[in-house]
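Colleague: Sequence:
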Amino acid sequence: MAISYEDIINSDLGDLETAAKSWETMGKRFGTLGGHYRDHVRAAVDADSWQGKAAHKFGQWGRKTAEEYDQAKGEAHGVAALLRLAHATLTARKKAVEAVRDDAQDEGLDVDSRGRCTMNLEKVEAKKGKKVADEYREDKQARAMAEENWNKAIKKAVRETQEADAALKEIFMADPKEPERGLPNGFNGAIGDEAVKKSAKRAAETYKDIRDGKNPSPEELREAGILARGLDDDPVFSRTLINSIGGPEGLIKTHNRLDDLAYADDTDRKKTFLSLDKGLAVNLASATKEPNTAFYKEFQAKMRDVGLKKYDMKLVAQDPGDAPGPGPVRGYQSLVSLMQRGDDDYGKQFLTDTADSIRVAEDEDQNGDPDVWDLQGNFDGKKYAHFANDPYDGILDVMSRQPDVATEYLDPGEPGEKGKNDNLAYLLNDRDWKTVDGGPVSPDGSDPDQETSHSRQGLAHALEAAATGEQPQDIKEPARLDATHTKAEARVMNRAIEFLDPGQGGGAIHLNLQEPMANALADYAPDTHRSLYSADNVRDDPSVSGSEGDAQLSASPEKLIRVMRGASESPDAYSKIYDAERAQIQQGIAKLPDGLTPEHEDVIDQMRRAGAGMGAMEAIKEDIVGDEANDELDKIQWKAKIKYHVIGGLVTPVGGGRGDPLQRFVDTWAWEDANEESAAVRKALNEENTDLWLSSDFQIRNMVNRWATSSGHSEDDPSVTNLTAREAMGQRNEARRDASQYLK
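Numbering-wise (the numbering used here), the sequence shown opens with residue 56 and increments by one.
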């Protein structure tokens, strides 16, 4: 019996998707079992210890059994693919029926449970106006004709769904060809492939029409989009789709055309075209997931040529006085723009191979051209954010979404280790980041090219992800408490500090590196807190210490403080580093056992460490505020922002980190009850009080006194006074003096 309108509208297709996932899981298990069989059963009997006819016969059956496991895996994946095809196809048809129904309702018609349309004149008047409603009231024939037209439209959508359902039945009932391997009448690994390939080719026809400047119908666009997204995790579908639209070059041309339509030619349907483009991106990820395939190798080989070819794109075909351009874009610029539109699911090899190919194209030491990506005009602003004018920076941004890939790509390896890469050194020390073409080199040899305002943002995100093992974090989010790092992550961070150190008397690091670097520094707060205390005698060493899962930095205090100062040009970055240091102080004090006296060596050690941390942070603050190169207005604004963060942090309970919930270290600092005092604190945000509260002197005195009173000691006790003045303040003075010397 054919499915009805009511069946379609009320259908829940989620079961199809669930069943597909179950079959996919079954396929993976067959693969695992097949691997175990080869590794353990066949390996044992294939040994020379068993000879003779029985061994020979078992060898034949063993080979068939191994093949049958492969066929079982293939059949399970094939059934899963057929179920995904059914889900994608029927979802597309259901949406088409719903779209016609919704359009009819938007015209003022009531649609009943059987799909019959009846004009509701009150709704028509509300939606179309009284004049239109009155015309229908007077002309019953016109009203009947309108109702019938909508009835026909719904019937057509239902009929197309019925036809799609019948076609799926034919696919499911078809006898697939027998496999050449495995057992007779056994599992069949070829099931599903042909149906999936046909669906891919059907979707590809729509994509090719778009590429070639044709105008597919809304129905064709809808179906192509749903097929592309519904089957995007099937590599057979994805590879067939990409091959059918012309491989890498067809992919680039199709993406460029979709971008033109979304942002220039047909902006009313922008969401549709961007959705289709995202479909290409997720299929690209699926198709390239496995690097040991003929498809992958051919794609990369062709892409190395296509990536440097120039293609027209309206985004850069405008007057350079008004917008970027003119000039064709390179294939890699389009490829990375497409990849940025996808999900966070690209294969590690694909990301690193693409990044390597882009570097080869631009790196002079590898016979590349540093100006290969240069275009006229600037690509700053949201209007151009979707275009990767710098594809190397763009691919690093994509990579940052998968921190383990970023870590491996930027890991410089242990000193003297062979085979490790120099990507981090190239990006931080050697690369030409000027991608805005300023014309020929001047007679004096100076380069007239410029950087865009978003230059190095991808690098910054990748660096943060690589060093922390976490996706990039918003600067206003609290840092993790007691974060641990692998040796590779710590090596990235260690070398980044080395490369970013501006040297004696240096100032800011690149604007777009400041906040991501502050996030990374905050994640390493246990290590930086230790480095700021001179008694720990941290040595400058390119290697790292600790275990594989809990590695520590070995950057010298001098380099560390200069990089902390360089990042702290951003007040949000300074506040993030400050908060993280304050967290470590709180952690250390909180771990002191009850009943200790102010003279106890553990108490003295913690207060010295606290003094050192506060002294170093104060030296950084003083260097920024006292920098003659900084505008006075900038200094005022900088101080105003850190007041909000630092003092606000003392009175605002904040969740964050891992482990026991902590307030933002209020109890350590000054106030008995943050909620009661917060109004008074905020009311008193004036220059005199905030300068006092921001000073390390105020912070340390309140910190020591707070510990003393909570431990049963009077603030006036000579031992407490000595703990404050001699130990904590003395270490503060030493750390501030040393840090100031490093910054001169």
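Hints are not guaranteed to be accurate.
[Unchecked claim] What follows is a list of derived Cβ distance ranges for each label pair:
| no. | residue 1 | residue 2 | range |
| --- | --- | --- | --- |
| 1 | Asn270 | Asp424 | 15 to 25 Å |
| 2 | Asp459 | Thr322 | 20 to 30 Å |
| 3 | Gln431 | Ala222 | 44 to 54 Å |
| 4 | Ala480 | Glu677 | 27 to 37 Å |
| 5 | Lys475 | Asp321 | 30 to 40 Å |
| 6 | Glu249 | Lys195 | 51 to 61 Å |
| 7 | Asp398 | Met228 | 53 to 63 Å |
| 8 | Gly604 | Lys112 | 47 to 57 Å |
| 9 | Thr173 | Ser508 | 40 to 50 Å |
| 10 | Asp321 | Lys195 | 22 to 32 Å |
[What the hints assert, rightly or not] Calculated lysine to aspartate or glutamate pairs in the DMTMM-like style (CA-CA distance at most 25 Å, straight line):
| no. | residue 1 | residue 2 |
| --- | --- | --- |
| 11 | Lys183 | Asp194 |
| 12 | Lys195 | Glu180 |
| 13 | Lys364 | Glu419 |
| 14 | Lys195 | Asp158 |
| 15 | Lys694 | Asp556 |
| 16 | Lys437 | Asp321 |
| 17 | Lys195 | Glu215 |
| 18 | Lys149 | Glu202 |
| 19 | Lys344 | Asp408 |
| 20 | Lys475 | Asp408 |
| 21 | Lys149 | Asp125 |
| 22 | Lys207 | Glu162 |
| 23 | Lys253 | Asp125 |
| 24 | Lys694 | Glu553 |
| 25 | Lys253 | Asp70 |
| 26 | Lys150 | Asp321 |
For the record, the hints were derived by calculation from the structure and aren't laboratory data.
Predicted, not measured: the structure shown is a model, and the values here were computed from it.
Think of the CB as a built atom: it goes at the ideal place given N, C-alpha and C, for glycine as much as any other residue.
Colleague: The structure should be examined with respect to each hint, and the outcome stated for every one.
Modeller: Now for the hints, and whether the structure bears them out:
1. The hint said 15 to 25 Å for the Cβ distance between Asn270 and Asp424, and at roughly 38 Å that hint is violated.
2. As the Cβ distance of Asp459 to Thr322 is approximately 38 Å, the hint placing it in 20 to 30 Å is violated.
3. Taken as a hint, the range 44 to 54 Å holds for the pair Gln431 and Ala222, whose Cβ atoms sit roughly 51 Å apart.
4. The beta-carbon spacing between Ala480 and Glu677, approximately 32 Å, falls within the hinted interval of 27 to 37 Å.
5. Our hint of 30 to 40 Å for Lys475 and Asp321 is violated, since their Cβ atoms are close to 48 Å apart.
6. Glu249 and Lys195 have their C-beta atoms about 53 Å apart, which keeps the hinted 51 to 61 Å range intact.
7. Checked against the given bound of 53 to 63 Å, the beta carbons of Asp398 and Met228, roughly 35 Å apart, lie outside it.
8. Distance hint for Gly604 and Lys112: a CB-CB separation of about 50 Å, consistent with the stated range 47 to 57 Å.
9. Roughly 58 Å separates the CB atoms of Thr173 and Ser508, a value that falls outside the hinted 40 to 50 Å.
10. Checking the proposed 22 to 32 Å range against Asp321 and Lys195 shows it is violated: the Cβ atoms sit about 39 Å from each other.
11. Restraint check for Lys183 and Asp194: the C-alpha separation of about 16 Å stays at or below 25 Å, so the hint holds.
12. With a C-alpha separation of about 16 Å, the suggested pairing of Lys195 with Glu180 holds against the 25 Å cut-off.
13. A distance of roughly 19 Å separates the Cα atoms of Lys364 and Glu419; the hinted pair therefore holds under the 25 Å criterion.
14. A hinted pair counts as satisfied when its Cα atoms are at most 25 Å apart, and Lys195 with Asp158 qualifies at roughly 21 Å.
15. Of the supplied pair hints, the one linking Lys694 and Asp556 holds, its CA atoms being roughly 24 Å apart against a limit of 25 Å.
16. For the hint linking Lys437 to Asp321, the alpha-carbon distance of about 19 Å falls within 25 Å, and the restraint holds.
17. Note on Lys195 and Glu215: the hinted pairing is violated, with a Cα-Cα distance of about 30 Å set against a maximum of 25 Å.
18. A hinted pair counts as satisfied when its Cα atoms are at most 25 Å apart, and Lys149 with Glu202 qualifies at roughly 21 Å.
19. For a cut-off of 25 Å, the pair hint linking Lys344 to Asp408 stands: about 12 Å separates their Cα positions.
20. A hinted pair counts as satisfied when its Cα atoms are at most 25 Å apart, and Lys475 with Asp408 qualifies at roughly 15 Å.
21. Proximity of Lys149 to Asp125 is assessed by CA-CA distance (about 36 Å); at most 25 Å being required, the pair is judged violated.
22. Restraint check for Lys207 and Glu162: satisfied, since their Cα atoms lie roughly 15 Å apart, inside the 25 Å limit.
23. Taking the CA atoms of Lys253 and Asp125, the gap is about 24 Å. The hint holds against a cut of 25 Å.
24. Taken as a hint, the Lys694 and Glu553 pair is broken in the structure, with Cα atoms around 28 Å apart against an allowance of 25 Å.
25. Simply put, Lys253 and Asp70 have alpha-carbon atoms about 23 Å apart, close enough for the 25 Å limit, and the pair holds.
26. Proposed proximity of Lys150 and Asp321 is supported: the alpha carbons are some 22 Å apart, at most 25 Å.
The structure shown violates the earlier hints numbered 1, 2, 5, 7, 9, 10, 17, 21, 24.
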